[in-house]
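Order-wise, the sequence lines are chains A and B.
Just so we're aligned: 214 in our numbering is position 210 of the first sequence, and the numbers increase by one with no gaps anywhere.
Just so we're aligned: 85 in our numbering is position 71 of the second sequence, and the numbers increase by one with no gaps anywhere.
Simulated from the structure, these hints should not be mistaken for laboratory data.
These figures come from a predicted structure and were not determined experimentally.
Treat the hints with care, as some may be off.
[As the list claims (entries may be wrong)] Restraint-style ranges between C-beta atoms, simulated for each label pair:
(1) A:Asp332 to B:His42: 23 to 33 Å
(2) B:His42 to A:Ala50: 53 to 63 Å
(3) B:His42 to A:Leu373: 51 to 61 Å
(4) B:Asp44 to A:Pro263: 35 to 45 Å
(5) B:His42 to A:Gly374: 49 to 59 Å
(6) B:Ala32 to A:Thr175: 48 to 58 Å
(7) A:Asp211 to B:Asp44: 29 to 39 Å
(8) B:His42 to A:Thr124: 34 to 44 Å
(9) B:Ala32 to A:Ala118: 39 to 49 Å
(10) B:Ala32 to A:Asp211: 42 to 52 Å
(11) A:Ala62 to B:Asp44: 52 to 62 Å
Even glycine gets a Cβ: it sits at the ideal position worked out from N, Cα and C.
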Amino acid sequence: MALKSNNTAVAVAIQSVVDTFTAPTTPADLMPVSNLKLDIAGVTIANDEYTGSPFKNADSVAGKKVTLSYTIKLRPPGGVAIPAANAFLLGRILQAAKFTEVRTSAAIPVAAEALSAGTTTGATLGAGAAATADLYKGMAIALAGMGTNYKERMSAIRSYSSTKVVAFVETFGSGVTGNYQIPSQIGYMRDVSSVDPILLSQQVWLDGHRFDLVNCRVTQMTSPVPTSTKDQAAYPEVNVTFDATISANSEQSTPAVPPAGTIPLYKDGDGWLAGVRVGLKSFTVDLGIQTENPPNPNKVDGVDAAELVGGVAKVQMVRQKYRPSTIDTLALADAQAYQPFFAQWGNAPGQMVQIVVPDGRLDYQNPDLGGNIIMENGDLLIDALSRGVCINFPY
Amino acid sequence: MADSVCPPLGTGSVDMNALSDAARKNKHLDAALVAATTRVEAQVTVEPDPEPAMAPEQPSAPDTGPTGSAQ
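With the rest of the complex left out, here is chain B (with noise of 0.2 Å):
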């Protein structure tokens, strides 16, 4: 089923020749953009929480984890 608005475009370069031919095609736009679209940053996910969310508590211990850098 095509899509009757534009999504919107988000970051990157994209290719509107390939976004238009994929509306002309009927084709979903969100996937067809994201297939027009060129990238050269890597995306930002979200970073896990350092501590366990239901952990057991532990008031003295240092935060020593190794996944819990934001680097």
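Only chain A is shown next, with the shape it has when bound in the complex (with noise of 0.2 Å):
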């Protein structure tokens, strides 16, 4: 009987120890993904010896470079209350992408106070949030007085001071009053500092076949995100690729992967770019990472885990073409100033997903005339500041 490919399962645990294998637990760390590609190349070496012939040997094989890579739906976690302290197995994926994980188990503060001097783009807190500048940088705060549900009260901070004045991501149509809470959330931050991210076991079966992947390392990640509209709909992603080393394979039955839940679709909610809502198409964050491999004879495979050495991060996007009365786009790009760009969508507690770049440089945007309305599409470019990418899940 054939093997069929939808008889492929994946568990994902935070490996404890560097090159030893860290067994996930399975149902708990079975993590649904799509479009699975184990790739087991082999190294050669051509063997150049003279053979007294025309012919020559063939190559040596050398080795094996291992590479995994598969897609995972943007999925909040859901449930009522946010996920324990590394359980969340998307955020497994974020925190070995040089993602923080944040989390705020109960609303900051706990009970509801009142903003002051608010603006269209700012206000300053009250006594229940602390004095200290970039502390609540990139996290959902949700604004009792600026909707009437709970999407439409759901903003981003873009920044905040010492004197606990919060900029918004958005442009509200008149100056913010009312109560503000910093919601229970579970986000993942993008971390710059020079502390290698985390390292991840794998298991993956192949119906059957399982292999232990040991020392996975993020080698590529982009989370493209489509709108969905009345003529094609499609799941917001993210897309990673793994460079590993198979610790062993045996015959073992792939165990059934339980359901995870809804996924929102990127509709009904917010685009917004440089403090102006915008008509996205769709737009892709990419972190642009780079790995190395230090060589080490001392190994089987003659190389150390990989380890990251650097990544240059962006967000491209295709929207709608503007006047420049309504966005310049040509001035932001001409100016490189910071702006700001804020994606949420979905509608409850546990459902909603936040994209969040509180300073980007537009770069120019193209217009694309290739349909029937102009389209632009350009980069966002991602400077090296900490929480220069930040998803968040509010609860």
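Got two chains here, each in a separate frame; can you build the complex from them with the hints?
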């Protein structure tokens, strides 16, 4: 009987020690994925020795290079409370891509309190907030006076000062008033410190053939978020690629992967660039991760586990084109000042996603007349700033 | 003395409620961040050079030191 592609499963665990496989537990660590590719590429050396004939001996096989890639739906954790520390499976992947998990299990402050000095783009928080700059940067904030339902009230913090002054990622139609809370949320914030991100151990089942992969290092991550329209709907996703080493392989029936709940689509939400609400067709967050394997003849593969050596992040966008009076992307690219980007979708606590880029520089944007509607595409460039990209799941 | 700026968050899972409380109480945030962070992974340590830096020259001796592994 042939093996079936759909009988595939992946379990992921944070690896506690370099080079030592950490066995995931099932079913808790089973993560629904798609488009899985386990690439086992031979490393060969051409043998140039003379053979006394016109023909050469075949290449020597020196080893193997293992690459695992798959797609994860960008699905919030769900439930009524945020997951335990390091428990959210997508969060483990994001942590391996140099994001810090930030858990806010209780709203800050616990009881909503009033804002002061509200403008259309900012306000000052009250006594329940700490007077520490950047502390709440990139996080979701609920503004009770600025919407009629949960999702309308939800915004995000672009910057936070030691005098408790907040700048929002949105521009409101009137001065922000009423109560605020930084709601319970689990967020993932890009870290640019020199600390190496975590390694993962993963088990991959290909219809009864189990591979144990150790030292899984994220070598590429992109998150495409297409707008779902009346004509075409598509899931927001995370595409990830790992460098890995096969620790073991054996025969074992593929476990059943529990369904992980609904996946909110990007519509009926928010799309903001430079404080202007824009009609995004799609956007992709690209972390531009670069890794390298340090050479080490003491190891089976002749290298240490891959290490992060660099990366340049950006957001690639396709949007409706606007006249300059609405948003002048040419002038914004000329100026090269930092501008916020904000996308939010989903409807309810534990079912919402925010992607926040507090400060990005707009590259020049190209008008696209290929269709009936003029579009514009280009990049938002993200410098090496702490919390330069934040992915939040508010509750 | 309180920190006026939040330090970079680093790796792991940070308890923002604990960090925010520490900031409100004017505690040092570097230490508070360490206390508020849950890590699964072992901290990466710099491995010692397998050969002593200033050891006498041993041109033909094989490197058999048990501490030289980078496992």
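task: Take a look at whether the Cβ-Cβ distance between Ala32 (chain B) and Ala118 (chain A) falls inside 39 to 49 Å.
output: Hint violated: Cβ distance 25 Å, outside 39 to 49 Å.
- prompt: Can the suggested window of 53 to 63 Å be confirmed for the beta-carbon pair His42 (chain B) and Ala50 (chain A)?
  reply: 59 Å, holds
message: The hint says 49 to 59 Å between His42 (chain B) and Gly374 (chain A); measuring C-beta to C-beta, is that right?
response: About 56 Å separates the Cβ atoms of His42 (chain B) and Gly374 (chain A), which means 49 to 59 Å holds.
query: CB of His42 (chain B) to CB of Leu373 (chain A), is that within 51 to 61 Å?
result: Holds, at about 57 Å.
task: Could you see if the CB distance from Asp332 (chain A) to His42 (chain B) stays within 23 to 33 Å?
output: Cβ of Asp332 (chain A) to Cβ of His42 (chain B): about 45 Å, so the range 23 to 33 Å is violated.
query: Do Asp44 (chain B) and Pro263 (chain A) keep their Cβ atoms within the hinted range of 35 to 45 Å?
result: Hint holds: Cβ distance 42 Å, inside 35 to 45 Å.
- prompt: Can the suggested window of 48 to 58 Å be confirmed for the beta-carbon pair Ala32 (chain B) and Thr175 (chain A)?
  reply: 33 Å, violated
- request: Please test the hint of 42 to 52 Å on the beta carbon pair from Ala32 (chain B) and Asp211 (chain A).
  value: Between Ala32 (chain B) and Asp211 (chain A), where Cβ atoms are some 45 Å apart, the hint holds.
query: When you take the CB atoms of Asp211 (chain A) and Asp44 (chain B), is the distance between them in 29 to 39 Å?
result: Since the Cβ atoms of Asp211 (chain A) and Asp44 (chain B) sit about 50 Å apart, the hinted range of 29 to 39 Å is violated.
message: Assuming the hint says 34 to 44 Å, is it satisfied by the Cβ distance from His42 (chain B) to Thr124 (chain A) or not?
response: 36 Å, holds
message: Holds or violated: the 52 to 62 Å window for the beta-carbon distance between Ala62 (chain A) and Asp44 (chain B)?
response: Cβ of Ala62 (chain A) to Cβ of Asp44 (chain B): about 58 Å, so the range 52 to 62 Å holds.
Comparing the model with each earlier hint shows violations of hints 1, 6, 7, 9; every other hint is respected.
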